[in-house]
Amino acid sequence: MSWAWPQGDHDQLLFCAVSPDRDVALEQFSRWLSRNNIDDLTFREHRLLAAIAERFGKSLAHHSEYPRLAGLQRMLWTKSRMAINESLPMLRRLVEVGIDVMLIKGAARIALNESDQKARVAHDIDILIRYEDFQRAIELLVENGWRYDSGETLLSLKSRLSAIRGINLFKGRLGDIDLHQAAFKLNEPLRDGTQGLWGRAEKANFFGLELFVPSVEDRMVLAISHGGVDGHSHSDWLVDCALAASDEAFNWQRFVEIVVEQQIVVPSRIALGYLQQRLGVVIPDFVIDALEKADRQSLSGRWTELVLAKPMTDVSLPGWVLLPLIKILRIRYERRGRRSESQVVKVLRGRVQRKGGVNPEGEPALRSCIETEHVEAAGAYLCKIEMTVSLPAVNRRLEFELNSETRHIARLRARTVSRAPGIAIISFEGELGLLSEDVVLWVESRPVSQSRTKTKGLQQEKYEALPFVLNSAQLTRI
Numbered sequence: 320m321s322w323a324w325p326q327g328d329h330d331q332l333l334f335c336a337v338s339p340d341r342d343v344a345l346e347q348f349s350r351w352l353s354r355n356n357i358d359d360l361t362f363r364e365h366r367l368l369a370a371i372a373e374r375f376g377k378s379l380a381h382h383s384e385y386p387r388l389a390g391l392q393r394m395l396w397t398k399s400r401m402a403i404n405e406s407l408p409m410l411r412r413l414v415e416v417g418i419d420v421m422l423i424k425g426a427a428r429i430a431l432n433e434s435d436q437k438a439r440v441a442h443d444i445d446i447l448i449r450y451e452d453f454q455r456a457i458e459l460l461v462e463n464g465w466r467y468d469s470g471e472t473l474l475s476l477k478s479r480l481s482a483i484r485g486i487n488l489f490k491g492r493l494g495d496i497d498l499h500q501a502a503f504k505l506n507e508p509l510r511d512g513t514q515g516l517w518g519r520a521e522k523a524n525f526f527g528l529e530l531f532v533p534s535v536e537d538r539m540v541l542a543i544s545h546g547g548v549d550g551h552s553h554s555d556w557l558v559d560c561a562l563a564a565s566d567e568a569f570n571w572q573r574f575v576e577i578v579v580e581q582q583i584v585v586p587s588r589i590a591l592g593y594l595q596q597r598l599g600v601v602i603p604d605f606v607i608d609a610l611e612k613a614d615r616q617s618l619s620g621r622w623t624e625l626v627l628a629k630p631m632t633d634v635s636l637p638g639w640v641l642l643p644l645i646k647i648l649r650i651r652y653e654r655r656g657r658r659s660e661s662q663v664v665k666v667l668r669g670r671v672q673r674k675g676g677v678n679p680e681g682e683p684a685l686r687s688c689i690e691t692e693h694v695e696a697a698g699a700y701l702c703k704i705e706m707t708v709s710l711p712a713v714n715r716r717l718e719f720e721l722n723s724e725t726r727h728i729a730r731l732r733a734r735t736v737s738r739a740p741g742i743a744i745i746s747f748e749g750e751l752g753l754l755s756e757d758v759v760l761w762v763e764s765r766p767v768s769q770s771r772t773k774t775k776g777l778q779q780e781k782y783e784a785l786p787f788v789l790n791s792a793q794l795t796r797i
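Positions in the sequence shown are counted from 1; adding 319 to them yields our numbering.
Think of the hints as simulated: they come from the structure by calculation, not from any bench. Treat the hints with care, as some may be off.
To be verified - Derived Cβ-Cβ restraints for the label pairs, each shown as a range:
#1 Ser791 / Gln514: 45 to 51 Å
#2 Ser746 / Glu695: 22 to 28 Å
#3 Ser617 / Gly681: 55 to 61 Å
#4 Ser434 / Glu462: 33 to 39 Å
#5 Lys612 / Ser755: 55 to 61 Å
#6 Ile357 / Ser617: 39 to 45 Å
#7 Ser481 / Pro386: 48 to 54 Å
#8 His381 / Ser481: 53 to 59 Å
#9 Pro386 / Pro740: 50 to 56 Å
#10 Asn790 / Glu529: 52 to 58 Å
#11 Lys674 / Gln514: 52 to 58 Å
To be verified - Taking lysine to any residue pairs in the SDA-like style, the calculated list, with each CA pair at most 25 Å apart, reads:
#12 Lys398 / Ser434
#13 Lys781 / Leu476
#14 Lys629 / Val600
#15 Lys398 / Pro386
#16 Lys437 / Val343
#17 Lys437 / Asp340
#18 Lys437 / Gln347
#19 Lys781 / Arg734
#20 Lys437 / Gln331
#21 Lys674 / Ser709
#22 Lys665 / Arg686
#23 Lys629 / Glu364
#24 Lys490 / Asn524
#25 Lys781 / Leu474
#26 Lys490 / Gly464
#27 Lys477 / Lys665
#28 Lys437 / Leu528
#29 Lys665 / Ala697
#30 Lys775 / Ser469
#31 Lys775 / Pro786
Glycine included, each C-beta is placed from N, C-alpha and C at the ideal position.
Let's have the full structure, built from the sequences with the hints guiding it.
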């Protein structure tokens, strides 16, 4: 398991932030400062430096880097407070309409101890909503000006809620809420495990709002569930684990039970072994033994979890090999046991045929209506759609949707294989299930994704919705 532990300067920073031996940690941080330039560090290290600066405070004042450390901490704290302030009105609105809100990750830590604001970066707010309230919460956020990062319509998003665990929404300059309906990454179905978490939750004050937070055991399990297979894109979660382990009320037997239930035994063994053996955090030996006995992961499964847990900066493989491999492993890992999107969303794949310089007939638009006089009753229909699109000089995905006035019916997807600009005909064909109330259908072009700021140049050409001319649309009863 130690193969997946952080190494080098990253390991040194974690030791300085977490080790119970304050004097040794302070001395080690002094040596770390002598070897490293703050200008060369990434956001991952900045987050740990904020925790270290808060831990040692004026004890670092004799270092020439102290003013910069203090300035870095102040900048991160200010940005966190601004993000929280932009999110608070929406959290208050959710509570006002009777939706229970549970803070998780960094926001939960801040709610339990407001003084941790300077030590724990929270540029987004992670919240858990009960399964039955998830759709209502999304609708409420969208009504209040929040946007999600996928480019789909709200009808499309609602059609696949049973296959997703959460969604990111943003508003304004810094407002950022990660809305979850399942707290743990792997539990399936979505309701299981999360119900127990709600039953163990407690209340805490978050800047004047009484919100739920997970129990101390659940906070550690959540930290490992999300951070323990993320290649240390940030390592605050290990600091959160160390703080939870120091809580006198921590029930280690309950912790083991939740870990086994949520199927994160290997990531937990890696994290707790590192905390105990390297950082000196007190972890009872019976917990380590219990997790070892409960580890029934296959050899391939254990290898996957070890690779996902290891900091990507410590893997010797070249980036062009490592990054695609990690991406594939992570997708497969997080989707195990889950309903795939293809099980809940109908997707028709399009065929792109270049037309040379011929301009489309008609005025291009982002939305076009389909006449449905041939839809006589609910049932299966063969759908054929042809459209003309002016393609930009980039290789990109093309996203369209087929919707009625009240529901999402299908996604229409295609991809260009050439970067040459020009006019193209895109054809879609496939079987669809229609309802008797689907009297008006719309084909709509959608952006591939949405961002907080307006995209320009190449990014705009690659992700924006493309106007189209609907040449024909046929619906034939099967």
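Okay, the hints, checked on the actual structure:
no., hint, verdict
1, Ser791 / Gln514: 45 to 51 Å, "holds, 49 Å"
2, Ser746 / Glu695: 22 to 28 Å, "holds, 25 Å"
3, Ser617 / Gly681: 55 to 61 Å, "holds, 57 Å"
4, Ser434 / Glu462: 33 to 39 Å, "holds, 35 Å"
5, Lys612 / Ser755: 55 to 61 Å, "holds, 57 Å"
6, Ile357 / Ser617: 39 to 45 Å, "holds, 43 Å"
7, Ser481 / Pro386: 48 to 54 Å, "holds, 52 Å"
8, His381 / Ser481: 53 to 59 Å, "holds, 57 Å"
9, Pro386 / Pro740: 50 to 56 Å, "holds, 52 Å"
10, Asn790 / Glu529: 52 to 58 Å, "holds, 57 Å"
11, Lys674 / Gln514: 52 to 58 Å, "holds, 55 Å"
12, Lys398 / Ser434, "holds, 16 Å"
13, Lys781 / Leu476, "holds, 21 Å"
14, Lys629 / Val600, "holds, 20 Å"
15, Lys398 / Pro386, "holds, 18 Å"
16, Lys437 / Val343, "holds, 22 Å"
17, Lys437 / Asp340, "holds, 21 Å"
18, Lys437 / Gln347, "holds, 21 Å"
19, Lys781 / Arg734, "holds, 11 Å"
20, Lys437 / Gln331, "holds, 21 Å"
21, Lys674 / Ser709, "holds, 10 Å"
22, Lys665 / Arg686, "holds, 19 Å"
23, Lys629 / Glu364, "holds, 16 Å"
24, Lys490 / Asn524, "holds, 23 Å"
25, Lys781 / Leu474, "holds, 23 Å"
26, Lys490 / Gly464, "holds, 7 Å"
27, Lys477 / Lys665, "holds, 13 Å"
28, Lys437 / Leu528, "holds, 20 Å"
29, Lys665 / Ala697, "holds, 17 Å"
30, Lys775 / Ser469, "holds, 18 Å"
31, Lys775 / Pro786, "holds, 17 Å"
The earlier numbered hints are all upheld by this structure, with none contradicted.
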